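Asks: Going down the list, the protein sequences come from chains A and B.
Per my numbering, the first sequence runs over residues 1 to 154.
Per my numbering, the second sequence runs over residues 1 to 153.
Among the clues, some could well be false.
[As the list claims (entries may be wrong)] If you want a taste of the chain A side facing chain B, the calculated C-beta under 7 Å gives, among others: (1) 26; (2) 28; (3) 34; (4) 144.
Bear in mind the hints are in silico, worked out from the structure with no lab data behind them.
Bear in mind that the values here come from a model prediction, so they are computed numbers and not experimental data.
Virtual Cβ for every residue (Gly too), placed ideally from N, Cα, C.
Residues per chain, in single letters:
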Amino acid sequence: MQLEEFWTWLEMTPLAARIGESAWFPFLESMHVLSAMFVVGTVLMADLRLLGWSARRYSVTVITDEVVPWTWGAFVIAVVTGVGLLMPRASSYVANPAFLAKVVLLALALVNMLTLHFFALRTDRVRLQMTTGACSLLVWAGVVLAGRWIGHLS
Amino acid sequence: MLQETVVYLLSNVPGLPPIVQTVHLLGIAVIMSSVVLLDLRVLGLALPSQDVQELTRRVMPFVWWTLPVMLLSGLPFVVARPQRYFTNPIFGLKFALLLPGIALAALLHFNGIRKPDYWGTRLIAALSLLLWIGVVLAGRWIAYVDYLFPPEE
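Just chain A, with the same shape it has in the complex (with noise of 0.2 Å):
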């Protein structure tokens, strides 16, 4: 009950009748798109490379030392525009399966990559390499599914 009161109390928030109301909201949008586009694309650089499908000449550590910063700079983008999108419509948004079904995926995806960074780059196992590059293909391309579909039901 006193979480449907946050997310009614968001919506009312100035700033977001202010997103809601204006040009912010498709502005917000379309950075949120750019942004966790070059999430995936910089994901899918690493999983090739976990996969041993592309860049084999370098090792693994030294493609995702380069390409996971620049993925979580784009993912705090992403975030933030996320919030800002969600703010006006929250308790709709809240209630919409694809955007229930996006959080549980992203949850999934952070869940790979701990295993990634804690488990498989630590012992240099190729096999839980190769198996987080593969959930990692799968998981952000269903996150960009759940996502895009959000604006399908609402």
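Given the structure of chain A, go ahead and fit chain B onto it with the hints provided.
Replies: Coordinates of chain B only, in the frame set by chain A:
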């Protein structure tokens, strides 16, 4: 006939529009990890230990394979509602940015292998970076044309 079929499929196959749009979006992700990251590498901003010539050979084929996929995943929506797109100035802008973007991608593919350190290659990379970002933003703004050009009453 074709238009009727496409409209029928898009409105009756459950989930078809978001699935086709996701293919288009994942194509953008491939563009980001190929030509855009190569642009950043040529400009000296990213991927310092990856060789420009090797990176060019590795990522540019992805661009050429992705462009037909982009065409195929974008076309159904244009076929279904041509008047929505052909009267839309942002749709025109997208293609006005896309065509030089593709031409510069071809130049970058050539120069990245032959003259990776040439100043002209860096100029191509900078313009290419701006154009591809512009293409993605214009693509999303097609749906929001009314914010920029309010329809007359």
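Asks: Minimum Cβ distance from residue 34/A to chain B below 7 Å?
Replies: holds, 5 Å
Asks: Next item in the hint list is residue 28/A. Is there a CB on chain B closer than 7 Å to its CB?
Replies: Status violated, d = 11 Å.
Asks: Taking the least C-beta to C-beta distance, is residue 144/A closer than 7 Å to chain B?
Replies: holds, 5 Å
Asks: Holds or violated: the hint that residue 26/A contacts chain B, with Cβ atoms closer than 7 Å.
Replies: This interface hint holds because 4 Å falls under the 7 Å limit.
Going down the numbered hints, you'll see the structure goes against just number 2.
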